[in-house]
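Line by line, the protein sequences give chains A and B. According to this note's numbering, the first sequence is numbered sequentially starting from 973. According to this note's numbering, the second sequence is numbered sequentially starting from 973.
By construction, these hints were calculated from the structure, which means they are not laboratory data. Just so you know, not all the hints are guaranteed correct.
[Claimed, not checked] Simulated DEER-style distance windows between Cβ atoms:
1) D1247(A) with D995(B): 45 to 51 Å
2) G976(B) with S1168(A): 48 to 54 Å
3) R1143(A) with G1074(B): 24 to 30 Å
Since the structure is predicted, the reported quantities are computational estimates derived from the model, not experimental observations. Note that the Cβ used here is the ideal one computed from N, Cα and C, for glycine as well.
There are 2 protein chains.
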Amino acid sequence: MTQGWVNTWIEAIQIHLQRIVPDSSHVLHHSMRYSLLADGKRIRPLLALATGRAFGVAEEKMLDAACALECIHAYSLIHDDLPCMDNDDLRRGKPTNHKVFGDAMALLAGDALQTAAFSCISRSTSFSSEIRIRMISLLAEAAGHQGMVLGQAADMEAEQQLGEMTMEKLRFIHTYKTGKLLQAAIEMGAIAAEVSDSQYHSLHQFACHLGLVFQMVDDWLDVVGDTAVMGKMAGSDQEHGKLTYPALIGIEATKQAIETEEQLALQSLHAIDADTSLLENLLFLVTRRNR
Amino acid sequence: MTQGWVNTWIEAIQIHLQRIVPDSSHVLHHSMRYSLLADGKRIRPLLALATGRAFGVAEEKMLDAACALECIHAYSLIHDDLPCMDNDDLRRGKPTNHKVFGDAMALLAGDALQTAAFSCISRSTSFSSEIRIRMISLLAEAAGHQGMVLGQAADMEAEQQLGEMTMEKLRFIHTYKTGKLLQAAIEMGAIAAEVSDSQYHSLHQFACHLGLVFQMVDDWLDVVGDTAVMGKMAGSDQEHGKLTYPALIGIEATKQAIETEEQLALQSLHAIDADTSLLENLLFLVTRRNR
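Let the sequences and hints guide you as you build the complete structure.
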């Protein structure tokens, strides 16, 4: 049943994403659409929709906020792939944005996708100004210099000093680089639903564990997965000298850590007095893919 | 008197900007502060403050919105200077961000400064959620794929096909690349003051003319000015093969066009039933510097 829900809303998200950037003749718009509309798991938008749904917010109402999350994600991938960052040629099975449109246009497309995220929420007619302001504030904190970008900067610095890497540092990088935006997805759903403080707290806990498990699974797949499944080169993290969980604690310990975080995520979820089955199933989708 | 007002509020803006990014040990934060706090004319923040003041909004109330404009401006300069864009070594008399922090960190600092702009407004306690949402919506449209970034993309494309440049194309580039954010500065002041539709219209007209004149003066100075005054290399536009007004219509015609746009700006301003003397003097500050 969750798979049906996922399929339905991935399609709705895709249609909604198409409206964000005009299908014009400007190369900038082509470049933005190329990355934004590329196949993807849409896990952030789905998490926002599922959280809202658990507390009675119709999925349609959440679409603007959900697509804002995807805009931020898409922009971060474009910039991350640039030659001065990871210098990746392949993303989601397609040539990366700068390989098609050139470095300068890719830079600008990423910039404009970030702007589009905030535009999406501010123009949404689904929620009061007050709720939209709370969402924007949350998203900005999650994406900026105290969130995702801080994690990317820490990751970059760590690459240059591999020897000094510790578990604590790795957790910091992952919490910020990947975790903050996943958290924001769930918390935007919570803001939309105007949940109680204690429910917000439990959702926040769930989001933290899900964020960690997400990155662990990603690291784990980079070692054991294959290119076709991931749409990026297997072993590319190793190639970049990126430190991963398997590299730090081994493959088996990573697998166990995944299971532990998954259990903690479930505990947080079960503390919530609402039907959180969609969120539970999205968690399994994250952890069980390819296992 | 305006000069006293300008000095006072440039100082207040500087203090306010310092609060946006923590003075931490993270290189990312250093890199952001390096560009955000560098000397600058602060013309966008000042325009927002002056517009608010004309309609009775205290300058202090406008500081968050004003600093958001400066964050967007600073981010666009950092990205514009990157090797894949203009590849500039000098900005405001100092080495450009990527020359000090490297390309990757400069990219991230720009990204995070954009996010900070939206954070600033969303967290402002000066205005209702409704007004903040209108400001965010306006700023996003002015900065993104239908505003500043579109202008930058068009500029970049034009550089690669210099022969086909027309006055119409040049106006498009300048209207979007520079004009939209200057317009947003003035219109954010108007939103804050909740001006009437007809006042908004006149301010919009003023802003359009000011945007054009700003770019014409910039182009003109690039030809006749010297490096010390501008803080960037005189003749650097020519060097980059950028098309400018003087290159297209000659120095004298550019000077005349500046005067015409200035007159049109003044006419728009005089149609407004309020004390717009600060705005008038900011216009003169833009057009008369170094003449």
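Each hint tested on the structure:
1. D1247(A) with D995(B): 45 to 51 Å: 46 Å, holds
2. G976(B) with S1168(A): 48 to 54 Å: 52 Å, holds
3. R1143(A) with G1074(B): 24 to 30 Å: 25 Å, holds
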